[in-house]
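Asker: These protein sequence lines are chains A and B, in that order. At position 341 of the first sequence the residue is numbered 341 (the numbering used here), and the sequence of numbers has no breaks. At position 196 of the second sequence the residue is numbered 196 (the numbering used here), and the sequence of numbers has no breaks.
Keep in mind the hints are simulated off the structure, nothing from the lab. We treat Cβ as the ideally placed atom computed from N, Cα and C, and that holds for glycine. Incorrect hints may have been included.
[To be verified] The calculated label-pair distances, taken between Cβ atoms and stated as ranges, are:
(1) GLY449(A) x GLY229(B): 44 to 50 angstroms
(2) ASP330(A) x VAL102(B): 54 to 60 angstroms
(3) ASN83(B) x ASP435(A): 44 to 50 angstroms
(4) GLY84(B) x GLU60(A): 51 to 57 angstroms
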Amino acid sequence: MNIHYHSYDAVIVGAGGAGLRAALETAGNVRTAVITKLYPTRSHTGAAQGGMCAALSNVEEDYWEWHAFDTVKGSDYLGDQDAIDIMCREAIDAVIDLEHFGLPFSRTPEGKIDQRRFGGHTRNHGEAPVRRACYAADRTGHMILQTLYQQCVAADVNFFNEFQVFDVLFDGEGASRRAAGVVAYELATGDLHVFTSKGVLFATGGYGRIFQITSNAHTLTGDGPGVLFHRGIPLEDMEFYQFHPTGIYGIGILLTEGARGEGGILRNGLGERFMERVAPTVKDLAPRDMVARAIHAEIKEGRGAGPDKDYVYLDLTHLPPEQIDAKLPDISGFVRTYLGLEPKTDPIPIQPTAHYAMGGIPTNVHGEVVIDANNTVLPGLYAAGECACVSVHGANRLGTNSLLDINVFGRRGGRAMAEYVKEVDHPDLPRSVVDPTRERIDAMMHSSGSEKVGAIRSELQVAMMRDASVVRTGESLQDALRVIHELRDRYEKVTIDDKGSVFNYDLTEALELGSLLDIAEVLVLGADARKESRGAHWRDDFPTRDDVNWMKHTLAYRDESGAIALDYKPVVQGRYEPMERKY
Amino acid sequence: MTTTVQTAEETSLIKEVDVHLTIKRFNPEVDVRPHWREYDLKLKSSDTVLNALIAVKGTIDGTLSFRRSCAHGVCGSDAMMINGENRLGCVNLISSVGTDLVIEPVRGLPVIKDLVVDMEPFFAQYRSVLPYLIADDDPGYKERYQSPEDRARFDDTTKCILCGACSTSCPVYWANGSYIGPAAIVNAHRFIFDSRDQAANERLDILNQKSGVWRCRTSFNCTEACPRGIKVTEAIEEVKRAILYDRS
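Chain B extracted, bound-state conformation:
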């Protein structure tokens, strides 16, 4: 059987485009404060913002620094601010975000160089919520059982890739250095609602402190920023309710 298929060009409108990038640069060895640099280059409309940065680095200015690894939205290396919104560079195409791009490091974490921010405060917040299964029963040599319904209870928050897009989009996080941030709460949620875990109360106590969930002002920036589509604000609300009603 032979059928005719259309070419990608006919169906997807891949074309060459002129891209204008305005990137916030900062080199701590030279600069006193950040400054803007502009770059013009030709790309395909199907290229990602990450491709654009790689092209700048490879062909125009090798001193530009940014993190990248998997390049398809699962490793969480390349959260950045693109035209004012937190996104991953590798899952946003020129054809969807436009050819005139303003790129900055995410806010709320110290900038080290160009788009590279200090992730240590973020990971310290993550570690503070006991982000690992705590269960002192002895399951022996078999798996613990868990019903599909119990498994589904925390499915959404298992998707987190720790990119930091949520926390660094949060106005409270920007303003208040002690707020634990949405990402840490998401990772606490993942265990608080896991039927196998026995340390929900400890985590709820941590999140009930003044650095915890009550700082959240429900702006939904985090939910909009999450590249994995996690309902971050809803997870935070569930933790708030658990503190109020479920803590034993």
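Isolated chain A, as found in the complex:
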């Protein structure tokens, strides 16, 4: 195995929205390498549709403080209000930046950036929906990813495409350690590359692939959190995982909330409009967590549809066909492509789909990774985007705030890293830092066990979906934990077919599975410990929010032996007092 050594001021891992936005702050300023296991334009930012909220007031009165209120309330009071204030205030700059970068926003008749309504975003603290989401047709994420990549091409950013990071490097020990680089595996050659650097920013996205049904790409396997967790960095609030109510049955591709906004109705296998029972006033337009739980209940109580009674229907058949053509063309296309159904005449089989991780690598508002309940900074280490937990989304993210998060905190993280690396010396590391990764890869390449990656992964996904998704109980979480421990044992005996060194995805998928198992375990342990229901975390055995005991963030640590310990830190309060979450 060939080993190459590189030296940079700053290394960014991941080239979706957050990584590219950070790169625009560091490239041309300090020597930067951006490392991605894909090509940048393959990143999952490109799959986002709806919009990016900012109180521009282009079409109606709005203030960033209203946006902040909605975000705090949406977070079920687990979001940190200092960070939420920053995000909602800087949202305006972030949108203007993107426009100056060339993003082709949809426009008002007078040529301003147009804005539209979105779930949970209201005027004057909940009075009525407000037009706050800036958008580019129903391809906002695609446009953001393309635009940021275009700017990186203009800035001549140094990309290492199809390099996968498997380790993070530190200089020093214990409390005095600082980030010093990463070790990456080059897919085209099988060579290892040691990148020593003064700063490292992780922007690796989510980990929806711990679940069977997900809107996430195959490649969203929690690589950044997995690598850092292995090196003793805690993970925050991992039990808060958002399920979007309407994913295409069996596949998980998202069908936008807009379908119900246009009058679509959810029906169970008996044809009943079950949301009438659950939310008599707003019915099918109840908040995401509530609708996802209602669907789960219908299926669990035997009123699902299909041979296995494991889905419900999104019914658009009563809508005028021209309305479907005009307002819902993309999702209609998905339904035709993947189900062979015609949404104008056929009800659409749907089920909740694993969508977004609120938790992740703990950071402060500068994108600096913080490693304990006192928010102690680990110098040189940064994270941004879905893999990070600032926390601006708390227990439940509002729609559009993910595209905002990657832009605001990608920029802040990149800026902070660029300033930091100018002040410190380059780390001096022995060549042996590559050994742990080399040994791990060697072991997998020479494995001769009987277990297969695909089988373990799919059993994990099934168990997580069944026991740790929309609705949880102490019992179901214990079941999940048992399965995870069993799968861990089997993972020790995993083997791969491909022993070659060129585009060996058999190998990389096997190593990714290690991260998926770690993350699943952390999620389940956090969920088991949290004896309340808040936002996306619902416990049937503890069905109320408990602000006295549980208005705090979870931190999960892994020690050298692999044992996981939980700790907690307070939520940063602000001007908005916790209240019951009603819409």
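Starting from the known structure of chain A, arrange chain B on it as the hints suggest.
Answerer: Chain B only, in chain A's frame:
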């Protein structure tokens, strides 16, 4: 109110099918030249070609290499040749492309392993057209204005996901390594016709070179191959006309 709804099985004819795959394989560490391998497996008619490849890799032969990410047609990772036509594996179902499938890497780019081709030449062509907004006016702290009509002028070419299906379906691109290819022209078009951009002339000069638009023989393969429905040939024609008539 209770109404009766049909099940998916009644309306969509999802059924189990026997699928026969013939895949062009090449491993540079072992093979001198590509060779065909055949695989038989049971799938649902609602599965995609990508699902079929994942099933082969997961259950029959883990050495098969192919790129994939989003799996619903927005990331552009999995352009491949399916029964002789360039398509994305993830948006084509067995029920529409058939149960007897011949799968090859796209043409015109060097094959690295199995279905994985070297995308670097493709991205170098993309970079050569200055694919980013160039405007040196100072808009201050506000957005630039753009009318809905001006915005619509280049809407079609903003849809490009850089999958390469168009360029690698083009006979000129296969035959002539120096042709910049439809995808690069599409991405130049996106800026040439953006009212905010000020570098149309530079891009038109680049595309007026002998590697540029005049290589296009209007075969329409690119338009047929585009999984996003971009009118690629029309975009190329618009660039040709701009070179002839609009260049200042």
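Asker: Confirm or reject each hint.
Answerer: Verification of the supplied hints:
Range check, GLY449(A) to GLY229(B): Cβ separation about 46 angstroms, and the 44 to 50 angstroms hint holds. Separation of ASP330(A) from VAL102(B) is about 30 angstroms and departs from the stated range, judged on CB atoms against 54 to 60 angstroms. At about 48 angstroms, the beta-carbon gap between ASN83(B) and ASP435(A) stays in the expected band of 44 to 50 angstroms. Restraint check, GLY84(B) to GLU60(A): a C-beta distance of roughly 53 angstroms satisfies the suggested window 51 to 57 angstroms.
The structure shown violates just one earlier hint, number 2.
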